[in-house]
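Guided by the hints, dock chain U onto chain Y, whose structure is given.
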Amino acid sequence: MSKLKLATVWLDGCSGCHMSFLDMDERLIALAELVDVVYSPIVDTKVFPDEVDIALVEGAVASVDDEKKIKKIRAHSKLLVAMGDCAVAGNVPSMRNPIGPEAILDRAYIENADVQRQIPCVVVPKLLRVVRPIHEFVKVDVFLPGCPPSADTFHAALTALVTGEPLDVPALTRFGA
Amino acid sequence: MSTSVDVKTLLIDGQEVSARSGQTILEVAKENDIYIPTLCHLDGLSDVGACRLCVVEIKGNNKLFPACVTSVFEGMEVTTVTERLQKHRLTILEMLFAERNHICSVCVANGHCELQTLGQEQGLTHVRLPYRNPELPVDASHERFTLDHNRCIMCTRCVRVCAEIEGAHVWDVMGRGIDSMIISDLHEEWGKSSCTRCGKCVQVCPTGALFDKSKIGSDHPKYPDFLPNLNLMREAQ
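Going down the list, the sequences are from chains Y and U.
In this text, residue positions in the first sequence follow my numbering: the first is 1, and each later residue adds one.
In this text, residue positions in the second sequence follow my numbering: the first is 1001, and each later residue adds one.
This is chain Y alone, in the form it adopts within the complex (with noise of 0.2 Å):
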């Protein structure tokens, strides 16, 4: 049998899914054997490949960056997996919705900086008004909730999504878990 190609993704997120993902330890030496990480944050490839099985995505879609990555990976990836709360619900960087992303970033450039005041506009992508979950831009196969997903949360779903067995993610996980 032929390794499936696993990506994992980082939009707007804190990175610790990722963290979680990593914490199955020796799991992921026997997880190696069944998937090879095509791209990650944690592998050295730059571009999102043509085919990939199965996509973790961690992360809500918060810029116009995010945006476009989202619906690049839904475009080539088999089965996608909203990895976590921010990416399932929000979550976190979703709570300067009701404020909207100029106080945001009135307050960390401006009036909490002590030099060089100014918001940033070049390179950085620019902030969407509102932050939202994968699944209001692109269809999402299977839901994660968790902050963080468990290591134990992430190999019962990938095993059973490699494997094919059936998968009760309410049985795993629930939000803020």
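One thing to keep in mind: the hints can contain errors.
Dumping the calculated SDA-like pairs for lysine to any residue here, alpha-carbon to alpha-carbon at most 25 Å [unchecked claim]: (1) U:Lys1213 x Y:Lys68; (2) Y:Lys46 x Y:His76; (3) Y:Lys71 x U:Leu1129; (4) Y:Lys68 x Y:Asp25; (5) Y:Lys78 x U:Pro1224; (6) U:Lys1222 x U:Arg1176; (7) Y:Lys68 x U:Arg1128.
Footprint (simulated), chain Y over chain U, 3 or more residues, beta carbon under 8 Å [as the list claims (entries may be wrong)]: (8) 1096-1109; (9) 1125-1136.
Facing chain Y, from chain U, some residues (calculated, C-beta under 10 Å) [what the hints assert, rightly or not]: (10) Ala1050; (11) Cys1113; (12) Glu1121.
Keep in mind that the hints were calculated from the coordinates and are not lab data.
Ideal Cβ positions, reconstructed from N, Cα and C, are used throughout, including at glycine.
Positioned in the frame of chain Y, the structure of chain U alone reads:
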């Protein structure tokens, strides 16, 4: 024995049960260990049918009935689990999550929240409705407790416990529909209200909307079980 009890016989999920006249479907189901999910209901308080999670089907009627405020009748046939009911319960939970700002991971009630637990129990993994993200105030004017409107689901347990059990009636509801808000006295700061500082509202609040300031993180279990006991003791007096 001259006192006659008016006994009704009915079916709940195919199980034959007997009830006293005037009992609600929910009361009878509980007595017979038949589980119906609830959220605004709390043993020891009056029922208002606010959340609609306890909806059931009654044979011969196409409507859905909230079990907490529907009285039993002779020959009633109740079903508590159907695909249609599951669909409605899930949608209700999704609407509650989408209506205000429920950020479980940073909520003081994380791990002790009835909304969160019900979501998991009913198989909720994501909310299909767009989040409303309203801008809502937090009233931290009280020296011991905080009211965070972002987490409030308008179950009105606090209103009922304050009026019915504490007898203070500090809490009430202002506004209509989606703009409804819990207010203290005539919409004054909680800290300046006629609050007796008993804390019953905090203990019965199912989410992180009302919390004790001395609690941090997710270390805030609530103990609403005091209510039936308190009522029993009062009745005995």
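Okay, the hints, checked on the actual structure:
1. A distance of roughly 42 Å separates the Cα atoms of Lys1213 of chain U and Lys68 of chain Y; the hinted pair therefore is violated under the 25 Å criterion.
2. Taking the CA atoms of Lys46 of chain Y and His76 of chain Y, the gap is about 15 Å. The hint holds against a cut of 25 Å.
3. A distance of roughly 20 Å separates the Cα atoms of Lys71 of chain Y and Leu1129 of chain U; the hinted pair therefore holds under the 25 Å criterion.
4. For the hint linking Lys68 of chain Y to Asp25 of chain Y, the alpha-carbon distance of about 32 Å lies beyond 25 Å, and the restraint is violated.
5. Between Lys78 of chain Y and Pro1224 of chain U the CA atoms are separated by roughly 47 Å; this puts the pair beyond 25 Å, and the hint is violated.
6. For a cut-off of 25 Å, the pair hint linking Lys1222 of chain U to Arg1176 of chain U is broken: about 29 Å separates their Cα positions.
7. A threshold of 25 Å between alpha carbons decides the hint, and for Lys68 of chain Y with Arg1128 of chain U the separation of about 21 Å falls inside it, so the pair holds.
8. For the segment 1096-1109 of chain U, the assignment as covered by chain Y holds, since 8 residues bring a beta-carbon within under 8 Å of that chain's beta-carbons and 3 suffice.
9. With a threshold of 8 Å between beta carbons, the proposed coverage of the segment 1125-1136 of chain U by chain Y holds, since 10 of its residues qualify and at least three are required.
10. Checking Ala1050 of chain U against chain Y by beta carbon gives a least distance of about 22 Å; that is not within 10 Å, so the hint is violated.
11. Because the beta carbon of Cys1113 of chain U sits about 8 Å from the nearest beta carbon in chain Y, less than 10 Å, this interface hint is met.
12. A cut of 10 Å between beta carbons decides the hint on Glu1121 of chain U: the least distance to chain Y is about 8 Å, and the hint holds.
The structure fails to meet hints 1, 4, 5, 6 and 10 from the earlier list, while all remaining hints are met.
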